[in-house]
Amino acid sequence: MSSVATTKTARQEFWDGVRDEIPLMLGVFPFGMVFGVLGVEAGLEPLVVMAMSVIVFGGASQVVFVQMVGAGASGLVITGTVGIINLRHALYSATLTQYIQGLPMRWRFVLAYLLTDEAFFISLNRMQTKPPSPYMHFHMLGTGGLLWVMWQIATAIGIGLGELIPDALNLGFAIPLTFMAITLPQITSIPPLVALLVAGTVAILGQDLPWNIWVITAGLIGMIAGYCAEMLLAKQNRAPNDGGQA
Amino acid sequence: MIGSDLIWLVMIASGLLTFAARFSMLGLFQDRELPQLLKQVLTYVAPSVLAAIIIPDVLLIDGTVMVMDNPKIPAFLLAMVAAALTRNVLVTISTGMIALWLITAWI
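Just so you know, the sequences run in chain order P and L.
Position one of the first sequence corresponds to residue 0 (numbering that gives the first Met the number 0), numbered consecutively onward.
Position one of the second sequence corresponds to residue 0 (numbering that gives the first Met the number 0), numbered consecutively onward.
The set of hints was computed from the structure by calculation and includes no laboratory data.
Don't be surprised by glycine CBs; every beta carbon is placed ideally from N, CA and C.
A portion of the hints provided could be inaccurate.
What the hints assert, rightly or not - So these bits of chain L aren't anywhere near chain P, every CB distance computed over 10 Å: (1) E32; (2) V64; (3) P73; (4) W105.
Said to hold, decoys possible - As a list, the in silico DSSO-like pairs of lysine-lysine whose alpha-carbon atoms are at most 30 Å apart: (5) K38/L <-> K129/P; (6) K7/P <-> K38/L; (7) K7/P <-> K129/P; (8) K234/P <-> K38/L.
Take the sequences, apply the hints, and build the full model.
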């Protein structure tokens, strides 16, 4: 009993995930409500709006979905746009798989379903900064599980309250704030700053591209820019005086 | 406007595409290591992908870049200061939202 526990149990990892995810709810919950309101405003039945939060489970893409329905877009264009907006999750998928080598497929199905921006980055932080454990996937079950439950409740409240939530509250602004709170601690050197600035610039310049392709394009170009900056800096630090310190 | 039967089809197709992206690399690389170059590029996933979402969200109003008369910008900058000082998600979001409400109420 007196020995120091070196690895956390599955249960502890799960509850750590839930706990780490709680602060994010201040951003996620209003966003889910905004989605519920927009869905009803676009003329969709409450059941359809609710089902979308279960079937798609991707905030930004759900908002674009209902906006496009409201604007009279075709089903094919809507599906394609949602698919392209959510293509960034393939990058999260590639990142996550490095930390859960050998985990069985049934787990991979569950984690893939729960793989959202706000859950993934919180669990990634745990995987990168705390000692590895064979139960790290339970952390993601905790972050993703809490997010899932709260997203459904927030959607339902948004559907119920509808226009009672004034537009002037600008609740959608909670999302860039949430993402900034996740990103800022990562900007500790030049290369991630380059990645951020390049991605942001491409995202702005690419706004008129069809099918919201700017999200994934900006993300990819930003990542490559960050990597190039890292390589250039490493080269510069090596080159000037044959490896000696200045 | 999409009919009520078609909407379910569109929704399920959208859900499947989304799941496919999320499952893709988790399914392909169960036991194998990712290529080294991909691993290194992926270390920049957070600043890149999140910036691609954040920056248009803050700078655009109704699809146009607005630098002047955009209350989101000062509110966001204040939230950044709060984030840098406290490293606290709750404080960051609250600061940004309250700042935005005050600024929009003012002008």
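Violating hint indices (sorted, rising) = 1 and 2
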